[in-house]
Every structure is written in structure tokens, then in C-alpha cells.
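Fit chain B to the given chain A structure using the hints.
For the protein sequence lines, the chains are A and B, in the order given.
For the first sequence, the numbering used here assigns the number 1 to the initial residue and increments by one for each residue that follows.
For the second sequence, the numbering used here assigns the number 1 to the initial residue and increments by one for each residue that follows.
Since the hints were derived computationally from the structure, they do not count as laboratory data.
Mixed in with the good hints, there may be bad ones.
Calculated pairs, PhoX-like style, for lysine-lysine (alpha carbon to alpha carbon, straight line, at most 25 Å) [to be verified]:
(1) A:LYS274 / B:LYS157
(2) A:LYS157 / A:LYS143
(3) A:LYS274 / B:LYS161
(4) B:LYS161 / A:LYS205
If you want the ones that stay clear, here's a sample from chain B, every Cβ over 10 Å from chain A, calculated [claimed, not checked]:
(5) LEU27
(6) TYR29
(7) PRO39
(8) MET59
(9) PRO83
(10) GLN84
(11) ARG102
(12) PHE144
(13) LYS161
Just so you know, even glycine gets a beta-carbon here, dropped at the ideal spot from N, CA and C.
One letter stands for each residue in the lines below.
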Amino acid sequence: MPSKLAYYPGCSLHSTGSEYDVSFRAVCAKLGVEIEELKGWICCGTSPAHCTSRLLSLALPYENICLAEQMGASEIVAPCAACFARLKTAVHEVAEDPQIARQVSEAIERPLPKSMKVLNPLEVFAKVEGLSEAATTALPGLKVACYYGCLLTRPSKVMQFDECEYPMEMDELLRKMGIETLDWSYKTECCGGALAMTRTDVVLKLTRDIFEEAKAVGANAIAVACPLCHVNLDTRQEEVEAEYGVSYGLPIFYFTQLMALALGVPRQELGLEKHFVSAEAVLSGVGEG
Amino acid sequence: MKTDATIRPRSQLAREVFEESGQDVNLCYQCRKCAAGCPVSFAMDYKPSQIIHAIRLGMEDVVFNSKTMWLCASCETCTTRCPQEVDVAKVMDAVKIVALRRGIKPTVPQVASFYRAALANIKKCGRMYELGMIIGLKLRTFEFFKDAQLGMKMFKKGKLKMIPSLTGAVRTWKIFSRVKSIEKKGRGA
Chain A
1 MPSKLAYYPG
11 CSLHSTGSEY
21 DVSFRAVCAK
31 LGVEIEELKG
41 WICCGTSPAH
51 CTSRLLSLAL
61 PYENICLAEQ
71 MGASEIVAPC
81 AACFARLKTA
91 VHEVAEDPQI
101 ARQVSEAIER
111 PLPKSMKVLN
121 PLEVFAKVEG
131 LSEAATTALP
141 GLKVACYYGC
151 LLTRPSKVMQ
161 FDECEYPMEM
171 DELLRKMGIE
181 TLDWSYKTEC
191 CGGALAMTRT
201 DVVLKLTRDI
211 FEEAKAVGAN
221 AIAVACPLCH
231 VNLDTRQEEV
241 EAEYGVSYGL
251 PIFYFTQLMA
261 LALGVPRQEL
271 GLEKHFVSAE
281 AVLSGVGEG
Chain B
1 MKTDATIRPR
11 SQLAREVFEE
21 SGQDVNLCYQ
31 CRKCAAGCPV
41 SFAMDYKPSQ
51 IIHAIRLGME
61 DVVFNSKTMW
71 LCASCETCTT
81 RCPQEVDVAK
91 VMDAVKIVAL
101 RRGIKPTVPQ
111 VASFYRAALA
121 NIKKCGRMYE
131 LGMIIGLKLR
141 TFEFFKDAQL
151 GMKMFKKGKL
161 KMIPSLTGAV
171 RTWKIFSRVK
181 SIEKKGRGA
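Pulled out of the complex, with its shape left as it was, chain A reads as follows (with noise of 0.2 Å):
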């Protein structure tokens, strides 16, 4: 029997990336792939940890790593596309740098895993097999851009992960729920990040080249896989129409809702209230309990 996927949800999916939480529970809950959420698990540093010590965004992941292996789990899976690439890259250079491994043993005060792989929700649903079957509802009319962003394919060398200049993960997932998608050239060009807080002005210029680029090829939607593009795309919309005097009204959504929504599951219990910009247009009728 395989050991349970380990789950780490990470700050965001606990607070302003709930949406990411329930819709990710409820795939799972459909399609039979068990989770079990990592206890007592702590934040994993993300950029203010790397930005300021190295071996606080090693140790940090790492004591979370620990506690998977503790479980019983062999893998974890991190939706958050940032505690994604901090996890996988702790284990990256741990395995790489015998010195700093041993650092980071003594600052957590445990002994280091041998192996833990680290996945992120594309490659654990995209290994399920019958998606096509399980997906019941149909939903017309809906043109999706995937936005991939930049940690869940870069860098290549440490994420390995899709193809890191036009990965297709998302959209094959996708379109086998039925849903479909679109070719652009914005899939992995940076929303601006934690720059959202200090440095605005550039999360809304980047932000609005992507909504351009997405409009620009008749989308109606952006499917999203990490919590704070999805801070960025949605919650600061409004602001970029504002600024820059264009009007774009476009539905931001997790890859989780879609795919729930495609297997059936009610729309009251995916978040969706919870979006800036509503997704009632593009949705109408659809997944109504």
C-alpha cells in the first residue's frame, strides 16, 4: 500500500490563499488520492528567508521535511508554488553540499532525511488515471489562460519540473477535464512576487502585460497554481484597470477550482466568493449545489 501523501499547505493556503486549500482538498477527496496534513508544521521562509540567510531558508524547510519523514510519508506535496521550491531546493542543496547539510541538522536539532521527494499538485493529479471519465461537468464558454509563474518550473536544474519555457502541465491537466485552453506567451513571465507590498508600481506594470497578453489571445480566465500570483492577479486587478485606464474583468482562478468544478463539486464550497473579480460570467450555472 503507498505511504499517504504528506500534505503542507504552507501560510497562504491558511489565510489568503484558503481558496488553493478547500479546492486542492476537495480534488484530492474526488479523485481518491489521500492526504494527510503534516503536523505542527511551521513556514517555510519563502523570500525574506533566502534574501537574508541561507541557512535559515534551508533549516526552516527542512524541520517540516523532518516532520514528513516522522509521519511515515515519503512524499510531500506543496501546493504553494514558493514552499514548493524552498522544500525542493533544501533538498537540492543539502544533497549537494555535505557541510551545509550537517548546519542544517544542528540548527533543527534533527537527523536529516535520507530522501524525501517533494511534488507539487499538477504532477500528483496529472498521475491519476481515468481524469477524462471523472469529469462530468462541462464548462462552456470558459477560454483559460494558464499562468505557470516562475518557482514551480525555475530553476530548471533544481525544480526539473515541466519545460520551463512553456510548460504544459497545467493545460494538458486541464483540457483533459474538458476545460479549455489557450497558447500564449505570458505562461511564465513573473507577476512581480513579494514585491506586491514594497514596490507596487512594478506588480501593477507586470500584471497588466500579462492581463494584455491574455486578452490578447481571447482568454476569459488565467488558471494560477501559486497563492500570491493570485494575490497579485486578482486582488490588485481593480488597481492596474485603475492605473493604467483599461478594463479587463477577468476571472482569476486556481487550477483546483477548475478541475473540482469539472468533477462536479458544488461552487459554494470552492472559495469562490472569497475573489476579487468575479467569476460569475464565465461560470453562469455552472456547479450550482
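Leaving out everything else, chain B in the frame of chain A:
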């Protein structure tokens, strides 16, 4: 006999960056793919490729007075594309670490304040308590009214937690302090 034709000047800054990040800026041959692909370069005074060269030449005044590393969004495009496999994003991290360690005033102070606010928050709560982090940031930057409307809307939509979770707070605090003492030992050695 293997010949290594790379000229490797040993500027103090290049050595410090190497110690901090394992990255050798002497490998750079100025192809400028990093600068070309950098999404934030439009807002930077010096492009990433210029900072790499400045580090190589030990031009500390240029490097530490530039905004480049503070504006870096860690998108890893540069790292992925560098033909010499220099982890440029890591070099940017290293320069920030060196600057903070030397007590140099960050040229984009809000970004450093954000790091401090976030880390102080994580250290105390174990998990990032966003409301606490935002308050910490505003107290450091005095930008009390910025994003106030956005914040209100997020509250109304239930996107911000009122009460922090304190799971793992003690463990996290201990990790922070052990990291600090290990780093101190490493520098004293």
C-alpha cells in the same frame, strides 16, 4: 595538463559573494541574457549583468548603492538562462546578505523592512501571521494608509486571519536562534 583560461581577479567582494553563495562571478562573459530576461530590469538602475561585472571588479560603491538586488523578485529567469550556470538570483541574495551584515543602508528600504517584518513575524508565530506582518511592515515604513482599502476588502471577504496560529512557534524561535549562533561561529572561525 588542463588549462583554465578564465581570468579570476580576487576582489574582496567577489570572494565574499563566493563564500556566501558558492557562485563565481568570474565565469561571466557578459552575454547579458540575465539582463534581457529580467522582468524587473525596467525599474533597475544597473542591470543584473552590470552588477555581476561590478562585483567581479570589486566596485563596492556601485554594487551597494544600486537598487538592483533589492528589486530582484527571485523569479530565477536569469539563473535558468545563464550559459555559464551562474546562479544570478543567488548572487543577488548574497549581495543583500553581505550588505545587511555590513550594516549598509538598503537603497530600497521598504524591501529590507518587508524581510525584517516577515522574519520577526515567523520567528514569533511559527507560521506567517499576515496581519501581524503587515502591521510590522507599516510600522517600519510609516506607510500607514497604503493599501488600506485593499486591506479592508480582504477582511470583508474573510481572506485575512484575525488570530495568529501559534503552532510550532517555540520550535521556530529556537531554530532562528540556533541558526544565528551557527552563523556567528562560522564567521568567528
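Q. Hint numbers the structure violates, sorted upward?
A. Violated: hints 2, 4, 7 and 13.
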